[in-house]
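J.: In order, the protein sequence lines correspond to chains A and B. Each residue of the first sequence is one higher than the last, beginning at 329 in our numbering. Each residue of the second sequence is one higher than the last, beginning at 1478 in our numbering.
It is possible that some hints are incorrect.
What the hints assert, rightly or not - Partner residues are not named here, just some residues of chain B that face chain A (Cβ under 7 Å, in silico):
| id | residue |
| --- | --- |
| 1 | Leu1529 |
| 2 | Phe1600 |
| 3 | Ser1611 |
| 4 | Leu1730 |
| 5 | Leu1767 |
| 6 | Phe1768 |
In short, the hints are calculated from the structure, not lab data. Computed from a prediction, not measured in an experiment: that's the story for all the values here. Heads up, the beta-carbon is just placed ideally off N, CA and C, and yes, glycines get one too.
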Amino acid sequence: MKKVISYIALFILGFAFLMPFFIMILGSFKEVEFAQMDPLFWIPEDPTIGNYLYIMRDGMFVRWIWNSVVITIIPVLSQMFLCAVLGYIFAKKQFVGRDLIFWIFMGVIMIPQQLLIIPKYIMFSDFGWINTYWALIVPEVWGIMGVFLVRQFLQNIPNDLEEAAYIDGASDLQVFFKIILPLSIPVVATVGTFSFISNWNDLFQPLIYLTEETMFPITLGLASMLGKEGNFGIEMAGSAVSFIPTFLIFLFFQRYFTEGIQMSGMK
Amino acid sequence: MVTVSKALTIKKTKPPLGKRLKKEWNRNAIVYLFLVPILIHFTIFQVYPFLLSFYLTFMDWRIIGEPVFVGLKHWQYFLHDSLAWKAIWNTVKFSIYYIVPTMALGLILALIINSGVRGAKFFKGIFFLPVVTSFVIIAGIWGWLFKGTEAGMINFILSFFGIEPQLFLSNSSQALAVLAGLSIFKVAGSTMIYYFAGLQSIDKQLYEAAQMDGASTLRIFWTITFPLLKPIHFYVLITTTIGSFQIFDSAFLLTGGGPNYATTTLVYYLYAQGFTSLNLSYAAVLSYVLFFIILVISLIQRKYLGKDSNLY
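In isolation and in its complexed conformation, chain A is listed as follows (with noise of 0.2 Å):
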């Protein structure tokens, strides 16, 4: 009995949680129209690609899928390899004010990034930075959330392998290079798939720095589609298509998502 009502929640649940990606997909097939008066419009009666073709050939969306994968890969990349260093370095490095610095940075976590948004705004002007790629990119190349996490997973890793390198007179870059790294790939496996999500999906940061639409990101290049009547289509092939990497990188890595979220609450 217990069981059948599980099932059943589990089907209803399941189903109203995969719902609006039923009709982002269904509806991206469906012919572009002007009126939407049928509230089951998302159905398409004969499915065309029309609305793939029309992104694929409007320069602007391509363009906006490039500067999203840009403003991605190099944060993703660089946090990956800088929070394993810096994770490595406060879990088993000894040096002055090293407890004292990592708290510190456990203290700015607190600080929301809207309240650092409008001094980096006037600082971006200063330099240049509006409406270029570096005022996403540069403030990203490590994160503190990242740094915590490997430095979390490193100290629960003995250190003998690292002081039997030490005695064969290894120096800290090849043991950081050859033991350490290696070990870390599934906790550096989560700082990338976080650090791709927020890059990937952010809204708020791009909407600040970025104002010509060429420079646009696809996330708020599909807010500038929203709610334009009769674009329904367009706008959900475009969410579709920008939604493969997400689903991609959340398929093969889901395990070091939820390893992650759990980790996050270890503090």
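Guided by the hints, dock chain B onto chain A, whose structure is given.
T.: Structure of chain B alone, referenced to chain A:
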């Protein structure tokens, strides 16, 4: 005594300076090579803006022209700015709509996933999917679902129950709740992950003992499961509360703060002041108000989690 003898042995074998430096470099090069640039980066992009923003609150700083010192003018304006207080009140209302349902839905999802059903992993993925999906995608679909005419799908469903078409996003008493619904849908999956981890850490023997005593499922839930999840409840409560005070994307995408300022949340108002009205100094004041609210919530978290630090 041990420290003294240790010090003595070190002194005895102390190598010349050059050799020590070389050894230090050999063992700690990575600290010098990476920590120094990162601290500079941290100062430029975190510490300096934080201080600059505070300084900004005492200045008249438009984008063009020289900044002028005006003292507490903006802070005083904030105290009497009824729209700012409305924005804070809207944010509080949003939290009320959002926090408990998100926690409850997350817990329900975790309970179902944890009940030993088949395909649990698959469904866990489905429930988590909105967490990784961008607000823009979900808002696009949400806005269409909650279209305020007969052509909207939710209105279509409601019509089966004899309910008149609702305006939803164009109705000032419904819009905020619709936005909260979007956030619940988007965030419940991550709440589920915390609860799932919590459920898995509960000792199975407790359930076996309770079942042996003939306790009902509901009773087991309220006397064993729910109380034992207390640290998770607390952690999730804090993170969803902080999240709810930062709500912006859905208001920006779907309502533009309207109708009649009904969805002007604190961050939306901050955005509108800073980047629509170009009143950066006043936006900085609002951002500090946000910061103080989040600080208080975080300090409460520290205070209570300090006692209960071993969460998982």
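J.: Each hint: holds or not?
T.: Here is how each hint holds up against the structure:
With 7 Å as the threshold, the beta carbon of Leu1529 of chain B comes within range of chain A, its nearest partner Cβ sitting at about 4 Å, so the hint holds. For Phe1600 of chain B, the interface hint holds, since its Cβ comes within 7 Å of a Cβ in chain A; the closest pair sits about 5 Å apart. Here the hint on Ser1611 of chain B is kept, as its CB sits about 4 Å from the closest CB of chain A, short of 7 Å. Proximity of Leu1730 of chain B to chain A holds as hinted, the smallest CB-CB distance being about 6 Å (cut-off 7 Å).
Given hint, Leu1767 of chain B at the interface with chain A, holds; its Cβ is 6 Å from that chain's nearest Cβ, closer than 7 Å. The beta carbon of Phe1768 of chain B is positioned within 7 Å of a beta carbon in chain A (closest approach about 5 Å), and the interface hint is therefore held.
The structure fails none of the hints (numbered hints given earlier).
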